[in-house]
Amino acid sequence: MPPNVADIVINAALLNPRFESYKLSLHGPFKEPHTTLLPQPCAHVKCPSSPHDSFRKLQARASFNHLFYTPEAPPSRAFYINANYQVVEMCFDPASKGVLFNALWELPSPSSTASECEYPSVLCIGNFLLASNGAGYIGLQPQHTLDTTPISLALPGEHSYILLDAHISGASLFFLAYRMEERKVNASPAPTHTALAAAVGDHKAKKLKTVPQLAFCLSLFAVNLDRLRDGDVPAGDVPQPVRTVTSVEGFSVPYFAKIEPDGLGFTVGAATLYQHVPRDGESSAPTPQPTAPAVPPSTPTTIPPKPHSRNYKWYQTGEDVTITVRLPAKVERTDIHVALTPESIKLRTLRPTEHTLFDVRALWESILPSECIWTLEEEDKSLLTLHLAKKHEGTRWLQLWEEDDGVNETLSAEELKAFASALDKYTEPAAQDNANDDGDDGVLELGAATAMDVDDPQWTQPLTMENAMTEPSEDVDFEGSPVTIARFPADPAAAAAAAATHIARSGGQEWLCNAFSFQHPSLHDPPIPAIVLRSDVDALLYTVTPQSSSSSSSSSQGLSLTTHTAAFPALGFVQASKRDRRFTAITRDAQLAFIVEPRRAFVYEQPGRALQAAQYVLDFGMFEAGDKKAAAAAAEGVGTGAGADGAGDVVGLQQIAERVVLVLRERAVTVLDWS
Numbered sequence: 001m002p003p004n005v006a007d008i009v010i011n012a013a014l015l016n017p018r019f020e021s022y023k024l025s026l027h028g029p030f031k032e033p034h035t036t037l038l039p040q041p042c043a044h045v046k047c048p049s050s051p052h053d054s055f056r057k058l059q060a061r062a063s064f065n066h067l068f069y070t071p072e073a074p075p076s077r078a079f080y081i082n083a084n085y086q087v088v089e090m091c092f093d094p095a096s097k098g099v100l101f102n103a104l105w106e107l108p109s110p111s112s113t114a115s116e117c118e119y120p121s122v123l124c125i126g127n128f129l130l131a132s133n134g135a136g137y138i139g140l141q142p143q144h145t146l147d148t149t150p151i152s153l154a155l156p157g158e159h160s161y162i163l164l165d166a167h168i169s170g171a172s173l174f175f176l177a178y179r180m181e182e183r184k185v186n187a188s189p190a191p192t193h194t195a196l197a198a199a200v201g202d203h204k205a206k207k208l209k210t211v212p213q214l215a216f217c218l219s220l221f222a223v224n225l226d227r228l229r230d231g232d233v234p235a236g237d238v239p240q241p242v243r244t245v246t247s248v249e250g251f252s253v254p255y256f257a258k259i260e261p262d263g264l265g266f267t268v269g270a271a272t273l274y275q276h277v278p279r280d281g282e283s284s285a286p287t288p289q290p291t292a293p294a295v296p297p298s299t300p301t302t303i304p305p306k307p308h309s310r311n312y313k314w315y316q317t318g319e320d321v322t323i324t325v326r327l328p329a330k331v332e333r334t335d336i337h338v339a340l341t342p343e344s345i346k347l348r349t350l351r352p353t354e355h356t357l358f359d360v361r362a363l364w365e366s367i368l369p370s371e372c373i374w375t376l377e378e379e380d381k382s383l384l385t386l387h388l389a390k391k392h393e394g395t396r397w398l399q400l401w402e403e404d405d406g407v408n409e410t411l412s413a414e415e416l417k418a419f420a421s422a423l424d425k426y427t428e429p430a431a432q433d434n435a436n437d438d439g440d441d442g443v444l445e446l447g448a449a450t451a452m453d454v455d456d457p458q459w460t461q462p463l464t465m466e467n468a469m470t471e472p473s474e475d476v477d478f479e480g481s482p483v484t485i486a487r488f489p490a491d492p493a494a495a496a497a498a499a500a501t502h503i504a505r506s507g508g509q510e511w512l513c514n515a516f517s518f519q520h521p522s523l524h525d526p527p528i529p530a531i532v533l534r535s536d537v538d539a540l541l542y543t544v545t546p547q548s549s550s551s552s553s554s555s556s557q558g559l560s561l562t563t564h565t566a567a568f569p570a571l572g573f574v575q576a577s578k579r580d581r582r583f584t585a586i587t588r589d590a591q592l593a594f595i596v597e598p599r600r601a602f603v604y605e606q607p608g609r610a611l612q613a614a615q616y617v618l619d620f621g622m623f624e625a626g627d628k629k630a631a632a633a634a635a636e637g638v639g640t641g642a643g644a645d646g647a648g649d650v651v652g653l654q655q656i657a658e659r660v661v662l663v664l665r666e667r668a669v670t671v672l673d674w675s
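Residue numbers (UniProt numbering): 1 to 675.
It is possible that part of the hints are untrue.
What the hints assert, rightly or not - Listed next, the in silico EDC-like pairs over lysine to aspartate or glutamate satisfying Cα-Cα at most 20 Å (straight line):
{"hint": "1", "residue 1": "Lys346", "residue 2": "Glu403"}
{"hint": "2", "residue 1": "Lys330", "residue 2": "Glu378"}
{"hint": "3", "residue 1": "Lys578", "residue 2": "Asp536"}
{"hint": "4", "residue 1": "Lys381", "residue 2": "Asp335"}
{"hint": "5", "residue 1": "Lys57", "residue 2": "Glu182"}
{"hint": "6", "residue 1": "Lys346", "residue 2": "Asp320"}
{"hint": "7", "residue 1": "Lys57", "residue 2": "Glu116"}
{"hint": "8", "residue 1": "Lys578", "residue 2": "Glu510"}
{"hint": "9", "residue 1": "Lys391", "residue 2": "Glu409"}
Stated by the list, open to error - Taking CB as the label site, the calculated pair distances span:
{"hint": "10", "residue 1": "Phe55", "residue 2": "Val9", "range": "26 to 32 Å"}
{"hint": "11", "residue 1": "Gln59", "residue 2": "Thr244", "range": "23 to 29 Å"}
{"hint": "12", "residue 1": "Ser111", "residue 2": "Lys31", "range": "43 to 49 Å"}
{"hint": "13", "residue 1": "Ser50", "residue 2": "Thr244", "range": "26 to 32 Å"}
{"hint": "14", "residue 1": "Thr244", "residue 2": "Leu15", "range": "42 to 48 Å"}
Hints listed in this document are in silico derivations from the structure and should not be mistaken for laboratory results. No residue lacks a Cβ here, since even glycine has one placed at the ideal position from N, Cα and C.
With the hints as extra help, turn the sequences into a complete structure.
As structure tokens, then:
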């Protein structure tokens, strides 16, 4: 049975279009931030990397949260892993407003020869600690103390797993973990649905070539707890067997992955749709190598639409959009019919035969019809130019139409040269290596080759940035942050073809952040934390609804995977303006939004229907007075730039109590308290 596919729907009643701005407030509920030095620095180790690492891998590492919290943990507690690979429990002390530390468990340190290593991670589930050292070891600690012997878990293969979620159901402990693996896949030289196309001709665009692509393999594992509870644990270093329940795979880092409370399924959200990976014996046919993230035909998030005939070109400035259209024949001005509305265009010619070029096509953004004009070239009466005035000046259209047809913006030589110059700092070593061979003409030649020639009858697509770079471009080089959410059954045999039972697409919305995992004791929070998407300038909160096993039945096709529950007006715009931001999160009651930078946190109140709302700026400051170790660390100049106070960069953010948020830095932790 096909999955229940639906778009993530916005509830217009929750929006506040009259909102004006956030106003800085010097008086609010927040106390002075309290910063405490860590006993040992956080294990913010440098993972083995290569200049050729894909953006997806860098994205996974840059967004990694080194401060771990689960609602199943004891109250006011969070965990981090220090430089000695010890799992350290942090407990907030309401009396002193400080943090107490307790080392619980020392993980095996990765060997110096480990070529595959990721950041360590830890989860707390009931009376168990589950931890991964990021280098092939995953262990289970039955109690929160160093007195008990941790149990090593035997996972298939020697991979570096990162833990995402865990849940105890009956006699089994289920946990979700993912690993990264580079694959060789067949793909076109560049996606046609991106904002910059790399096609230099239709004959080349049709050819497929084998390119490396990073796959994220997410698996649901199960551990039998009966033996552990009975004290029947493996002797010595014998690993405890682990069962692989099911596995899915995608080509983008998971934004979140959560197991349902009843353990019957799990939900994963990412930029591309994840697909089920058949286990041995499920199919007699070998598992095909993926050519692209496959999705149902109704999921344009990951499959580009079929391009229309390329009989036009378009480009833009901050104020207008210009479309140059090649008409099917030479015509007179009286033979042209153009109808403009704020949202669409209709264009057709009446003679020599009636021909419709744009049939009420919806535009990407609104225009001002009264300020739009069209012209017909005097010398070439088959060339029509539309000049559209943008309603929102200064914005940049990602595509021309609401439903992208694969015709990309034509960029001038100056724009391409500016893009190449902006990327110089990332490619400088390679540029220096090739200086003697290629000279400095690459960008100029590229610009010359991309100049728009409207008289070209072949309408060849312009060359793009891919031709100026030595590395192949990726889809993420040209897109925003789309979201596709899929629900998978825990037992693949329960669903037809072991596919997703529910799929939710973000449409024009983009990923912003997760809400905090903390569950308010006075509220009936859903088991899965809300997700936050950006729609235009607003931040919208959506509840992900767990689907029971009956959700795959025909009677449940109307069920929705997401529900719009709240909105933060203009927060999407505010978040984009914070260039030094490290983490963004919103409390689950949708009353406060946090944007954290290396030295301070910006907090925004929920405006509701008001025209304005308060904004607070919390400076982390220095360490608590009298801390000699902190003073010594600062004197040594540990870290540079934002971390020159000795605390280092921000590496984690979690809400651990109803009115307490912890900010983890490499050498310190800061308490944000508004109780």
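Mind checking the alpha carbons of Lys57 and Glu182 for me, to see if they're no more than 20 Å apart? Status holds; Cα separation ~10 Å.
Straight-line alpha-carbon gap Lys381 to Asp335, limit 20 Å: holds, 11 Å
Against the range 42 to 48 Å, how does the distance between the Cβ atoms of Thr244 and Leu15 compare: consistent or not? holds, 44 Å
Run the distance test for Lys57 versus Glu116: straight-line Cα separation, threshold 20 Å. Within the cut-off at roughly 12 Å; holds.
Below or equal to 20 Å on CA atoms is what counts here, so check Lys346 against Glu403. holds, 15 Å
Evaluate the given range 26 to 32 Å for the C-beta pair formed by Phe55 and Val9. Given about 30 Å between the Cβ atoms, the range holds.
Going straight from one Cα to the other, do Lys391 and Glu409 come out at no more than 20 Å? With a Cα-Cα distance of about 19 Å, the restraint between Lys391 and Glu409 holds, given a limit of 20 Å.
Given pair status - Asp320, Lys346, alpha carbons within 20 Å: Roughly 18 Å separates the two Cα atoms, so the pair holds.
So if I understand the rule, the pair passes when the alpha-carbon distance is 20 Å or less; does Lys578 with Glu510 pass? holds, 17 Å
Please test the hint of 43 to 49 Å on the beta carbon pair from Ser111 and Lys31. At 45 Å between Cβs, range holds.
Can you tell me whether the CB distance of Ser50 to Thr244 sits inside 26 to 32 Å? holds, 29 Å
Given the proposed pairing of Lys578 with Asp536, does the C-alpha separation stay at or below 20 Å? holds, 17 Å
Comparing the model with each earlier hint shows no violations; every hint is respected.
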